[in-house]
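Those sequence lines, one after another, are chains A and B. Counting in this note's numbering, the final residue of the first sequence is number 77, and the numbers go up one at a time with none missing. Counting in this note's numbering, the final residue of the second sequence is number 1577, and the numbers go up one at a time with none missing.
Calculated from the structure, these hints are not laboratory results. It is possible that part of the hints are untrue.
Here are the computed distance ranges between Cβ atoms for each label pair [as the list claims (entries may be wrong)]: (1) B:G1209 - A:G24: 32 to 40 Å; (2) B:G1209 - A:L3: 19 to 27 Å; (3) A:K18 - B:G1209: 51 to 59 Å.
All values reported here derive from a predicted model rather than from experimental measurement. Ideal placement from N, C-alpha and C gives every residue a C-beta, glycine not left out.
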Amino acid sequence: MPLANHHTSVPVLVDEEKCIADKGCTVCIDVCPLDVLWIDETTGKAHMKYDECWYCMPCEADCPTDAVTVNIPYLLR
Amino acid sequence: MNIEDLTIIDTDVLVIGGGTAGPMAAVTVKENNPKLDVILLEKANVKRSGAISMGMDGLNNAIVPGHATPEQYVREITIANDGIVDQPALMAYAQRSFPMIEKLDAWGVHFQKDETGDYDMKKVHHLGTYVLPMPEGHNVKKILYRRLRRHRVKVENRYQATRLLKDTEGNIAGMIGVNTRTGEPIIIRAKAVIMATGAAGRIGLPHSGYLFGTYENPANSGDGHAMAYHAGADLANLECYQVNPLLKDYNGPACAYVTGPLGGFTSNAFGERFIECDYWSGQMMLEFFKELESGKGPVFLKLDHLAEETIQEIETVLHTNERPSRGRFHDGRHTNYRQQMVEMHISEIGFCSGHSASGVWVDETGATTVPGLYGAGDMASVPHNYMLGAFVYGQICGESAAAFASERGEINLDRHLIDQELVRLRAPLERQDGIPPEQMEYKVRRLVNDYLQPPKVTRRMEIGLERILAVREDLKLLKANDAHELMRAMEVHSIVDCAEMAARASLYRTESRWGLYHYRVDHPDTDEQRWFCHSRLYKDDNGNMAHGTRPVAPYIVSLGEEKDAYNQLRVKQAANA
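With the rest of the complex left out, here is chain A (with noise of 0.2 Å):
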C-alpha cells in the first residue's frame, strides 16, 4: 500500500536564535511526556518532529533560555 505524507501545523514553537540544543542543551526534549520534541539534524536545535502534543507545558516551563511556546493545537483552537 502506497503512503502518503501528510502535513500538519505542529503546537509547539521553538526560537532558534534562543535555543541552546546545540551547546547540549536537551532539557525540552527531555521532559516532554509523548516524546515528540527531537533535535532537528540540519540546524542543531530542538523541533517538533511528531504532531502529539498534550499541551502539557513542561517543555516551555522547564526550558532555561525562553525558547519554547506551546500553542493550543489547531484542531482544539
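Take the given structure of chain A and dock chain B to it, following the hints.
Showing chain B alone in chain A's frame:
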C-alpha cells in the same frame, strides 16, 4: 534477535510507571528494606511524566480528622458507586489518607491551611467534606524526584513495557519491553512487579478529532490494562467507564473542585444550576448528559457572577497548575471568566479508577490475582482514588511487594513467552509496507466513539465489537518507520485490547448502573437480584476473553438512610415554580 542475544537485568522489585503511584511505590520499597534493588521503569521521563506532570491543584478525596472519618468516606463512595465497591480496599485507603497527607506535607508538598494552621477543607461531595486545595501544588513531581534520588532508586526512562513475564509456576517474573528511542528490547527479571501505568485514556476519540487531545495524559494508553490481561490477571467492572465533564474541545477539567468552594458552578444555557453537587459520579454525569441533550443545553462552567478578586484567585490556580495551558485556550477564543460562561461537554470514554471504578482487580494489599503482581493508581480497581489514592496504594503496593520479594527464591523465566514477544516487537519495523500506527489508532478510537459511548445500545455494541475485531486482524499490518513509531504501534495493540474489553464488559452486564457510565437503553433498570456483584474479565486457558462475577465483600460500613443520596442529584424545582 533471540533471547540468547539479550542481557537480562535482575532486580528485586520492578515498578512500571513513574507518574504518581510508581515513585511512591519505589520509595516505599526502599524505606521498608534498603537492601532490595528497585528499578522504576518509565515510558517518558519521571521528572515530568504522568497525570501530574505540571502538579495538582487539590486533593479531591482527603479524609482529615475533625472534618470526616474513614467510615463516612467509605459510606459516601459506596453510595456514589451504586454499592459495587470492595469496602476493605476503600477502607485501607481511607485509614491511610491522613498519614499520607502528613508525609507529603513533611516532604514539602504545600496544602492550603487556614489561619490556625489547620488543613483548609472544602465541601464538594454530595454528603461529606473531602476536598483540600493545594494552590501551590505545581511542584509535586520535583518533590517525588528528590525522594527517588535520595533512596537511590534506579530509574530507567524511555522504556515501554509491553508484556509481563511469568515463571513456570505462574508467578510474576518481570517484564519485557522496548527502548522508545532505539527500539532495542529490554528484559527485566524481578521477584515482584508493581504496575502503576495510569488510566487507559486513549480508547475513545476526543470530539476535536485530535488524537492526543485527551483528558488523561495520552502516554496512558492502557498498556498496563493490556499487559495485566495477557498475564492472566482479573480486570474488574470495566463497563463502568470513565466519562468526564470537561471544558469542551480543550478537554481538560473544568475544575468544579477549585471553583465550587469559591462560588462557581456547573450551569445550563440559562445560567441555572441543575445538579446539587459537582463531584464526579455516574449519576452526576447522567444529569449532565440529560441537560446537554435537552433544550436547556449545552452545559457551562459559570463564574461570571463572581467578584473580581475571586476570579483572579481562580485564574491563578487554574492557569498555573495541572493543565496550565487552559488560560491560553480561553485567550484564543476570547473567553473571559468575568463575562462569559465556559462551554462544557462530556469526554470520550476511558478506564480510570481515579475517577470511576474500573481497572485491574486489586485487594486491600494492592495484590492482583497473579502472585507477585501489584497494581496502584488509575489502573487498579480501587474506586475514586484520585492523586491521594495513587500515593496511598503506591505505598501499600511498595510494602506488599517488598515483603513478597524478600521471600522469593530463584526465578525460572518462561522463555517461550519471551521469544513470542520479541517477534511481536520486531514486526512493525521489519515490514516493508503497511498501515501507519496513527491511522489504525484513529480508526479504532473512532469506532469506540460511534459504538461504545453511552447511552449503550446492545445491537450497536455488538456491531462495534465486530468492527473492533476486524481492526485486531489488521494489527499484523502495522508498520513503523522508527523506534518512536514502534512505541505508537505497540500502543495501538493496547488500545485495541482495551476497546475489545470495553465492548465485551459492557455487553456482559445486562442492566444499567453507575448513571451514565453504564446506561444501557435496552436494559434500563438496575437489577440488584442478578447484578449486585463485580464483573470479572480475564483471559481464559484457551486465550479467549472470558467473563465472570465476583461477590461484593460484606460491607464493613453500613449505608444507612443516605443510601439513595446519589440518585437525587438533580436540583428540585419548587412546587410553585
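Now for the hints, and whether the structure bears them out:
no.: 1; hint: B:G1209 - A:G24: 32 to 40 Å; verdict: 38 Å, holds
no.: 2; hint: B:G1209 - A:L3: 19 to 27 Å; verdict: 21 Å, holds
no.: 3; hint: A:K18 - B:G1209: 51 to 59 Å; verdict: 32 Å, violated
Checked against the numbered hints given earlier, the structure breaks only hint 3 and satisfies all the rest.
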